[in-house]
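Enquirer: Here's the letter readout for the chains.
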Amino acid sequence: MNTGPFIKQNNTTGKMMKNLFLALLPLLIFTFYKNGLLPFIKGYATFYGMMYPLLLLLVGIITSYFSEYFYFRVLKHQTKVEIKEELRHSFPIFPGLFLSLIVPYNTPLLLMVFASFIATFFGKMLYGGFGHNLFNPALIGCFFLLTMYGGYIAKMGGYFNTLEMDTVSFATPLSNAQGVDGIGSYATLVAPYGTLWDFFLGTIPGALGETSALLCLCAFFFLSFKRVIKWKIPAFYIGTVFLLTLCIGKANGMGLWYPCFQVLSGGLFFGAIFMATDPVTSPITSIGQVLYAIFLGISTVTCRYLTPLPEGVLTSILTLNLFVPILDKIGSMQGIAIKKVAVPLLACLFCSFLLIQNVCLKYAKKDATDSNFQIIDKKTMGKETTYVVTQKGNGGLIKIEFVLEGQKIKTMKVLEEHETDAYFQMVMDAAYIDTLLQNQEKIEEVDTISGATISSKALKKSIMNVLKEEGILR
Amino acid sequence: MIGVSLKKKKEISLKKVEYYLDPSYVYLPIAGEDIVSITDKSVVKEGTLLGRKKNGLPILSPISGVVTWRQDEEILQIENNHEKKEYKEKNTSYTKEEFLSLIKEAGICGMGGAGFPTYLKYQNAKIHTLIVNAVECEPYITADFACIMENALFIIKTIASLMDILEIKESFIAIKAKEPLLKEKLITLTSTYPKVKVVEVPNLYPMGWEKSLVRYIKHTDYKKLPIEKGIVVSNISTIHAMGEALYKEKPLLERIVTFSGEKMKNPCNVHVKIGTKIKEILDYVEGVEENSDIIMGGPMMGKIVDLDHDVILPSTTSILALPKQNDQEEACIKCGKCTENCPSKIAPALIRENKNNPSALKRLNPNACIECGICSYICPSKIKVRDAVMEAKKERRKQ
Ligand code: SF4
Ligand code: SF4
Chain F
1 MNTGPFIKQN NTTGKMMKNL FLALLPLLIF TFYKNGLLPF IKGYATFYGM MYPLLLLLVG
61 IITSYFSEYF YFRVLKHQTK VEIKEELRHS FPIFPGLFLS LIVPYNTPLL LMVFASFIAT
121 FFGKMLYGGF GHNLFNPALI GCFFLLTMYG GYIAKMGGYF NTLEMDTVSF ATPLSNAQGV
181 DGIGSYATLV APYGTLWDFF LGTIPGALGE TSALLCLCAF FFLSFKRVIK WKIPAFYIGT
241 VFLLTLCIGK ANGMGLWYPC FQVLSGGLFF GAIFMATDPV TSPITSIGQV LYAIFLGIST
301 VTCRYLTPLP EGVLTSILTL NLFVPILDKI GSMQGIAIKK VAVPLLACLF CSFLLIQNVC
361 LKYAKKDATD SNFQIIDKKT MGKETTYVVT QKGNGGLIKI EFVLEGQKIK TMKVLEEHET
421 DAYFQMVMDA AYIDTLLQNQ EKIEEVDTIS GATISSKALK KSIMNVLKEE GILR
Chain Y
1 MIGVSLKKKK EISLKKVEYY LDPSYVYLPI AGEDIVSITD KSVVKEGTLL GRKKNGLPIL
61 SPISGVVTWR QDEEILQIEN NHEKKEYKEK NTSYTKEEFL SLIKEAGICG MGGAGFPTYL
121 KYQNAKIHTL IVNAVECEPY ITADFACIME NALFIIKTIA SLMDILEIKE SFIAIKAKEP
181 LLKEKLITLT STYPKVKVVE VPNLYPMGWE KSLVRYIKHT DYKKLPIEKG IVVSNISTIH
241 AMGEALYKEK PLLERIVTFS GEKMKNPCNV HVKIGTKIKE ILDYVEGVEE NSDIIMGGPM
301 MGKIVDLDHD VILPSTTSIL ALPKQNDQEE ACIKCGKCTE NCPSKIAPAL IRENKNNPSA
361 LKRLNPNACI ECGICSYICP SKIKVRDAVM EAKKERRKQ
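Residue numbers (the working numbering), protein chains in the order written: chain F, 1 to 474; chain Y, 1 to 399.
Hints should not be assumed to be uniformly reliable.
Said to hold, decoys possible - Lysine-lysine pairs mimicking DSS-like chemistry, simulated, CA-CA at most 25 Å apart:
hint: 1; chain 1: F; residue 1: Lys8; chain 2: Y; residue 2: Lys398
hint: 2; chain 1: Y; residue 1: Lys41; chain 2: Y; residue 2: Lys53
hint: 3; chain 1: F; residue 1: Lys18; chain 2: Y; residue 2: Lys384
hint: 4; chain 1: Y; residue 1: Lys384; chain 2: F; residue 2: Lys329
hint: 5; chain 1: F; residue 1: Lys84; chain 2: Y; residue 2: Lys382
hint: 6; chain 1: Y; residue 1: Lys384; chain 2: Y; residue 2: Lys362
hint: 7; chain 1: Y; residue 1: Lys398; chain 2: F; residue 2: Lys329
hint: 8; chain 1: F; residue 1: Lys8; chain 2: Y; residue 2: Lys382
hint: 9; chain 1: Y; residue 1: Lys7; chain 2: F; residue 2: Lys15
hint: 10; chain 1: Y; residue 1: Lys394; chain 2: F; residue 2: Lys329
hint: 11; chain 1: Y; residue 1: Lys9; chain 2: F; residue 2: Lys226
hint: 12; chain 1: Y; residue 1: Lys384; chain 2: F; residue 2: Lys8
hint: 13; chain 1: F; residue 1: Lys8; chain 2: Y; residue 2: Lys53
hint: 14; chain 1: F; residue 1: Lys8; chain 2: Y; residue 2: Lys303
hint: 15; chain 1: Y; residue 1: Lys41; chain 2: F; residue 2: Lys8
hint: 16; chain 1: Y; residue 1: Lys355; chain 2: F; residue 2: Lys329
hint: 17; chain 1: Y; residue 1: Lys183; chain 2: Y; residue 2: Lys157
hint: 18; chain 1: Y; residue 1: Lys211; chain 2: F; residue 2: Lys8
hint: 19; chain 1: F; residue 1: Lys329; chain 2: Y; residue 2: Lys345
hint: 20; chain 1: Y; residue 1: Lys324; chain 2: Y; residue 2: Lys362
hint: 21; chain 1: Y; residue 1: Lys104; chain 2: Y; residue 2: Lys53
hint: 22; chain 1: Y; residue 1: Lys223; chain 2: F; residue 2: Lys329
hint: 23; chain 1: F; residue 1: Lys8; chain 2: Y; residue 2: Lys355
hint: 24; chain 1: Y; residue 1: Lys324; chain 2: F; residue 2: Lys15
hint: 25; chain 1: Y; residue 1: Lys362; chain 2: F; residue 2: Lys340
hint: 26; chain 1: Y; residue 1: Lys224; chain 2: F; residue 2: Lys340
hint: 27; chain 1: Y; residue 1: Lys345; chain 2: F; residue 2: Lys226
Claimed, not checked - Sample of chain F residues with no beta-carbon within 10 Å of chain Y, all distances over it, derived:
hint: 28; residue: Val74
hint: 29; residue: Phe353
hint: 30; residue: Glu470
For the record, the hints were derived by calculation from the structure and aren't laboratory data. All C-beta atoms, glycine included, are put in the ideal place defined by N, C-alpha and C.
Pulled out of the complex, with its shape left as it was, chain F reads as follows:
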């Protein structure tokens, strides 16, 4: 017998999924434009190359659809009619759809089939199907893909589409940042990819559909307004990452651009808005959601600085998925009980915050004291200070003498070097030392000499190190 209530809100799971798909649509179009159309127009991609992002999408969706079909047919022995009914309530295309937005551009189609199958079959169906999975299916698929075939895909070109391979082919922003332990200047971290505006728009290298923070943000407002997603999660997640990296940036003398750079890269917006809010694998209680998001933020930042994983979003979400029941347990405590938990919890949060801060500061110090640099002699006479230092080049140590007056380096003289002659000659020919001295206020932006990178870099570094020693450069 019907026990009421006898009216129901005009909202169904199906409608929510439809809205989710609508929110994803601009991203799909964008990924086609950025990774397919644009390279094609500019002549970097063939027609096949242009269609490739769409092909990945199709393959992902079809595979995940048939994985579910396979599950019901082979494991559950259901009839075709039953399966049709099951599939109507189980939204079989979503794992594949999401997956096709988070894989690298150069994923071979066969591997896409593999990943999509893992995502749907192992990540979703074996847990009991829609609504019962513990981990986000798409992330599970991507995780397997990257851990098993990441190297192979990287060799194929990794995250770069054909256009990017030709123009900016070094590394994705965060891998590049990791090269300098995450701490660097605007010139090294952001400039190679354009401006922060490009990061916001999404015209930077990255996984297929997750680069555009702008579109993700639009989707966030749309989905929050339609009450499809738990808005607290992206808000607190991105907020936490912003705050933590702001502190780290400040501790290392970097401006507001630094936290912006950090939140705009590595698919954080996409992950926070679409993956972390997956209803099935995120907490039900609002306290649980806030905690989940904060821990996601902490975990992501930790990953970026302290582990070899440059992005940390995928790993963090999968890890935190595991803690959802516990977070909900905390979130569902009533009255006094919550006060009991609140203190240790806050303490725990505070400690992890301190830990990150500390470790990052240590990093910063390590970075400041270049191990290739050594001061041999330092004399002060009146206003002048003379340094004799060594800096490692490509052929051993280069011995250099600096004379400083006040805040400025007056002269720089190479006393001894064992560099490859041809290279060093190039440096001298380019009057590189003069260039360096003239631009010592913005030394970080001076380019090295291509062809003699190591030697020229060593010279540049030595100046930077001396300036740091004097406290002029941070």
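Given the coordinates of chain F, work out where chain Y with the ligands should sit on it, guided by the hints.
Expert: Then chain Y with the ligands, alone, in the frame of chain F:
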């Protein structure tokens, strides 16, 4: 403010007021511990004492006629002999004790849905604030509205008398926002009673819940009952019934019931006797269309009517005929909507998940559920979350 906004649908039943005060039979359900003091087949008058319920309230005959005690079915049946009784308005003054025994003997209980004996509410400690609940936050129902429209001045006079007798310092009439007609009427009529204020509350469900009202109007919280803070909340129809007892010594024998819903052929408000069979009144108002659920109470908290047995009770606000639902339950997607909107701030989805896990239930506190039904209403997967919570409640009681 936690709550959901529901479509009001009040206009449906506001077109007409009907009277059905002369039913051929009335039936009074008698529970196990109630005492029947009348002998079988005796002839009674309207208002005659037939027995006493275990909560102390008298069982009064709503009509004059012949009583049959059908013990096996646990009902008192009274066959109408169509004798009328007149009530005259008197002016007497009462002390607090006299007043309490008056409303007790008049059989007055909460008419907003709970049916709690009113004298118990008022006999307690010192009351300084009276909140008159005229919110009717469930859709369709307009019984209180109709009662106010007919008796506004009388009700306000009653409130003033109550305040005198019980030494209540201030009182509020809580009405729903955006009801200009009601607001204007009440404000004009209360202008000569400075201690009676009309407050508008947001158009949210369950705004008519005592806790929400006290929170909204007095900005305070209580644990079990509002009397802890010196506050009493009474439904406006109950106030009206008290007034009838005070001024006319007329007990609670009839009330206004809303007959409404998309499937009600002739929606209206009907004055009916307590104890009238619902089926009888439905026949009188031209009945319901096919394929409908007939519900007693609001669409959120009401229950399906058993047409063979159910009768009008003092707490019956409405009879609704709504389209049958055939939603299919789907898997819980853990969207958290039920939890976010639960006015008791518990986690229905988690309670449902842990129905058979006593230690988890202890923490999840299903007993705080007020059975408002929001969780089931809002669930996109159309899960009967409230039923699960109520089951869990039972489970907790057993332990
Ligand atoms: S759990 Fe109870 S109080 Fe909470 S929304 Fe459901 S019915 Fe209402
Ligand atoms: S509203 Fe329904 S689907 Fe959402 S969490 Fe509650 S029970 Fe699950």
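Enquirer: Hint check: lysine 211 of chain Y vs lysine 8 of chain F, CA-CA at most 25 Å. Holds or violated?
Expert: The given pair, whose Cα atoms are some 24 Å apart, holds under the 25 Å limit.
Enquirer: Are lysine 41 of chain Y and lysine 53 of chain Y close enough, with their CA atoms no more than 25 Å apart?
Expert: Within the cut-off at roughly 20 Å; holds.
Enquirer: According to the definition I'm using, a residue is off the interface if its beta carbon is farther than 10 Å from all beta carbons of the partner; does valine 74 of chain F meet that for chain Y?
Expert: The assertion about valine 74 of chain F holds, with a minimum of 21 Å to chain Y.
Enquirer: Is the straight-line distance between the alpha-carbon of lysine 8 of chain F and that of lysine 382 of chain Y 25 Å or less?
Expert: With Cα atoms ~8 Å apart, lysine 8 of chain F and lysine 382 of chain Y stay inside 25 Å; holds.
Enquirer: What's the verdict on lysine 84 of chain F and lysine 382 of chain Y, does the C-alpha distance respect the 25 Å limit or exceed it?
Expert: holds (20 Å)
Enquirer: For lysine 384 of chain Y and lysine 329 of chain F, compute the direct alpha-carbon distance and say whether it is at most 25 Å.
Expert: Holds. Lysine 384 of chain Y to lysine 329 of chain F sits at ~22 Å (cutoff 25 Å).
Enquirer: Decide if the proposed pair is consistent with the structure: lysine 223 of chain Y and lysine 329 of chain F, CA atoms, cutoff 25 Å inclusive.
Expert: holds (24 Å)
Enquirer: Taking only the CA atoms, is the gap from lysine 104 of chain Y to lysine 53 of chain Y under or equal to 25 Å?
Expert: holds (11 Å)
Enquirer: Does lysine 384 of chain Y pair with lysine 362 of chain Y here, judged by a C-alpha cut-off of 25 Å?
Expert: holds (21 Å)
Enquirer: Within a Cα-Cα threshold of 25 Å, do lysine 8 of chain F and lysine 53 of chain Y meet the stated pairing?
Expert: With Cα atoms ~37 Å apart, lysine 8 of chain F and lysine 53 of chain Y exceed 25 Å; violated.
Enquirer: Between lysine 398 of chain Y and lysine 329 of chain F, is the straight-line Cα distance small enough, at 25 Å or below?
Expert: holds (23 Å)
Enquirer: Between lysine 329 of chain F and lysine 345 of chain Y, is the straight-line Cα distance small enough, at 25 Å or below?
Expert: holds (14 Å)
Of the numbered hints given earlier, the model fails hints 1, 13, 15, 20; all others are met.
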